[in-house]
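There are 2 protein chains.
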Amino acid sequence: MTDPRYDVVAIGNAIVDVMAPCEDELIEELELAKGGMTLVDTERAKELYDAMGRATEISGGSAANTLAGMAALGAQCAFVGQVAKDQLGDIFAHDIRAVGIDFDTAPREGDPPTARCLIFVTPDGERTMNTFLGASQFLPPAALDEELIASAGVLYLEGYLWDPEEPRSAMRRAIEVARNAGRKVAFTASESFVIDRHGDDFRALIEEGKIDILFVNEHELATLTGEQDFDAGLDMLKDKVPTLVATRSAKGAVAIQGGTRAEVAAEPIDKVVDTTGAGDLFAAGFLTGHTRGEGLETCLRIGAICAGEIISHIGARSEKDLKALVAEKLG
Amino acid sequence: MTDPRYDVVAIGNAIVDVMAPCEDELIEELELAKGGMTLVDTERAKELYDAMGRATEISGGSAANTLAGMAALGAQCAFVGQVAKDQLGDIFAHDIRAVGIDFDTAPREGDPPTARCLIFVTPDGERTMNTFLGASQFLPPAALDEELIASAGVLYLEGYLWDPEEPRSAMRRAIEVARNAGRKVAFTASESFVIDRHGDDFRALIEEGKIDILFVNEHELATLTGEQDFDAGLDMLKDKVPTLVATRSAKGAVAIQGGTRAEVAAEPIDKVVDTTGAGDLFAAGFLTGHTRGEGLETCLRIGAICAGEIISHIGARSEKDLKALVAEKLG
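Here the protein sequences line up with chains A and B, keeping their order.
With our numbering applied, the first sequence corresponds to residues 1 to 331, in that order.
With our numbering applied, the second sequence corresponds to residues 1 to 331, in that order.
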């Protein structure tokens, strides 16, 4: 096994976020699932966009946000995801490359257009996401560069992309390629509704020992294990997943690895402005620490610092120099 | 003459801003005119975008920003500008309508795409703009709804759009329509380089008495009059333009109307984050006061409050409730 060329390669949704502030009344009026992520079709996407205020466009996607954080921390990263050959696709490709991430998935011709996520941000900082998957759902297994997958220390997968069939097949294939190359597979469950739809698949992957690093939040842990008690949920998974990481919003995060359990408090911040990307950036910090061989507690701490930065402003990609911030806070 | 249906109708560039922070070194390396606006062709736009970091897209355009501010202050507004039938065009149309502005210019089929302005924001808050005019330069005189122009109390024109031929003809025609309907014509010189190119046209319009309200900053005033001294420059124009408004960045602004001169200091703010849109929002505040029949000093004050809000954050459209802010500050 040669040394990996990349610290991480991620497969995820290639999405442009369309964000606008709104009042709680609009969430009710539009019958949105506040705080959650809902898949929407063309018609519903149009209806929601029409009801949305003046918006800001910024490249997003859960795994892509995680990679952007890792790249900012100095990790070598590559991304695999499907955009269409259109303006939003150009924007996504520009932005991910601009932060130093290799991205070579060929854009897809014709309809549907590049994916977008309509994000309504309420005054409490919660984001309600409505994703039109567009081209993103057509990432074909054939688009996988198996040499690329084998050349990264960690393969990182987002649960959101388990919904559409083609990317799911691509991710299954990527897991095999990574494991055969002796690499680690990291997986984020993304959201409890995703587990509602695909829990059996996820549980099977875990039982088969195919997930080396698993990221869940407390709701996802409960949905995945069927166990409402947080610690009981962790107990059910800790012997099946070599590195288990569970985040708990304001209550911080827990990781269990090889029988060792570590905890970290949430980073104190002045004001939660927008929670978009908190989990993505926590994963970025944790994984960066992990790929550098840091101890469990330090990995958690880097995750918490990155998550704290991202929720203190609008948008899911960092505004500060994350590397300097982490260096300063770790001391 | 019937009462106007709109307070203002503006003709301007229909542009999406593509903004990214950058260091001064990059400005030098790319040989950009720091603080200025440069028109760029497709090739140069691509080169600059490739060199640009991760960006945020937000609808812009000078006159459109002014209207967005006026709409936020409660004015009835309509916009005329040319987008292409593409994703950026959809974004522009959505955003301007989302703030309550009527916008009915039909999108243009085929190439070129919707205009974009690549904005590099340096740590001192200055913005260096590079505009790819795209579809915006093809606003045809035929697209003018003359009834619309005649139905607004004020016709507001941006100097930036004087560069391309078709919109220039459209604006000349609009001036005639507005004047014949007994409406006022307001004009912003936009930038001194624009005056370098079209000063003779602008001076002729002024001499012919076709401009009722003129917005200039001190550089533009000097370029337009050939007079380096600020007060001497004002003296040259004050009898030719019924309402003359001159802004001076941190030094505040001056207005002269019917022999009366009023001044206002710049609004004190904690930190200049990004000066994009300062002039646009000053015009928004001043014009809103003017259309309401406020005194000259109050008009200047509303302008200063709006400009102060916009430079305290990234982006050229307001993040706060401008109406409440102005009400609070005016007392």
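Keep in mind that a hint or two might mislead.
As the list claims (entries may be wrong) - In silico DMTMM-like links for lysine to aspartate or glutamate, alpha-carbon gap of 20 Å or less:
| # | chain 1 | residue 1 | chain 2 | residue 2 |
| --- | --- | --- | --- | --- |
| 1 | A | Lys46 | A | Asp102 |
| 2 | B | Lys320 | A | Glu294 |
| 3 | B | Lys320 | A | Asp111 |
| 4 | B | Lys46 | A | Asp102 |
| 5 | A | Lys85 | B | Asp200 |
| 6 | A | Lys320 | B | Asp111 |
| 7 | A | Lys320 | B | Glu263 |
| 8 | A | Lys85 | B | Asp111 |
| 9 | B | Lys85 | A | Glu109 |
| 10 | B | Lys46 | A | Glu294 |
| 11 | B | Lys271 | A | Asp50 |
| 12 | A | Lys323 | B | Glu43 |
| 13 | A | Lys271 | A | Glu294 |
| 14 | B | Lys85 | A | Glu263 |
| 15 | B | Lys85 | A | Asp229 |
| 16 | A | Lys320 | B | Glu43 |
| 17 | A | Lys46 | B | Glu43 |
| 18 | B | Lys240 | B | Glu267 |
| 19 | A | Lys46 | B | Glu146 |
| 20 | B | Lys85 | A | Asp124 |
| 21 | A | Lys320 | B | Asp24 |
| 22 | B | Lys320 | A | Glu207 |
These are calculated hints, taken from the structure and not from any lab test.
Hints versus structure:
1. Among the hinted pairs, Lys46(A) with Asp102(A) is inconsistent with the structure: their alpha-carbon atoms are about 32 Å apart, more than 20 Å.
2. Between Lys320(B) and Glu294(A) the CA atoms are separated by roughly 43 Å; this puts the pair beyond 20 Å, and the hint is violated.
3. Our distance criterion of 20 Å between C-alpha atoms is broken by Lys320(B) and Asp111(A), whose separation comes to about 38 Å.
4. With a CA separation close to 19 Å, the supplied pair Lys46(B) and Asp102(A) stays within the 20 Å bound.
5. Proposed proximity of Lys85(A) and Asp200(B) is contradicted: the alpha carbons are some 44 Å apart, above 20 Å.
6. For the hint pairing Lys320(A) with Asp111(B), the CA-to-CA distance comes to about 38 Å; that exceeds 20 Å, so the pair is violated.
7. A distance of roughly 39 Å separates the Cα atoms of Lys320(A) and Glu263(B); the hinted pair therefore is violated under the 20 Å criterion.
8. Restraint check for Lys85(A) and Asp111(B): satisfied, since their Cα atoms lie roughly 15 Å apart, inside the 20 Å limit.
9. This hinted pair checks out: Lys85(B) and Glu109(A) have alpha carbons roughly 18 Å apart, not beyond 20 Å.
10. For the hint linking Lys46(B) to Glu294(A), the alpha-carbon distance of about 41 Å lies beyond 20 Å, and the restraint is violated.
11. Only pairs whose Cα atoms come within 20 Å are accepted, and Lys271(B) paired with Asp50(A) is rejected, the gap being roughly 35 Å.
12. Taken as a hint, the Lys323(A) and Glu43(B) pair is broken in the structure, with Cα atoms around 34 Å apart against an allowance of 20 Å.
13. A distance of roughly 29 Å separates the Cα atoms of Lys271(A) and Glu294(A); the hinted pair therefore is violated under the 20 Å criterion.
14. Between Lys85(B) and Glu263(A), the direct Cα distance comes to roughly 52 Å. Violation of the 20 Å bound is thereby established for this hinted pair.
15. With a C-alpha separation of about 53 Å, the suggested pairing of Lys85(B) with Asp229(A) is violated against the 20 Å cut-off.
16. For the hint linking Lys320(A) to Glu43(B), the alpha-carbon distance of about 31 Å lies beyond 20 Å, and the restraint is violated.
17. Between Lys46(A) and Glu43(B), the direct Cα distance comes to roughly 33 Å. Violation of the 20 Å bound is thereby established for this hinted pair.
18. As the CA atoms of Lys240(B) and Glu267(B) are separated by approximately 29 Å, the hinted pair breaks the 20 Å bound.
19. With a CA separation close to 31 Å, the supplied pair Lys46(A) and Glu146(B) exceeds the 20 Å bound.
20. For the given pair, Lys85(B) sits about 36 Å from Asp124(A) by alpha-carbon distance, which is inconsistent with the 20 Å threshold.
21. The hinted pair formed by Lys320(A) and Asp24(B) meets the criterion: a straight-line CA distance of about 17 Å does not exceed 20 Å.
22. Distance hint between Lys320(B) and Glu207(A) is unfulfilled; the C-alpha atoms sit about 51 Å from each other, more than 20 Å.
Of the hints listed earlier, those the structure fails to meet are numbers 1, 2, 3, 5, 6, 7, 10, 11, 12, 13, 14, 15, 16, 17, 18, 19, 20 and 22, in rising order.
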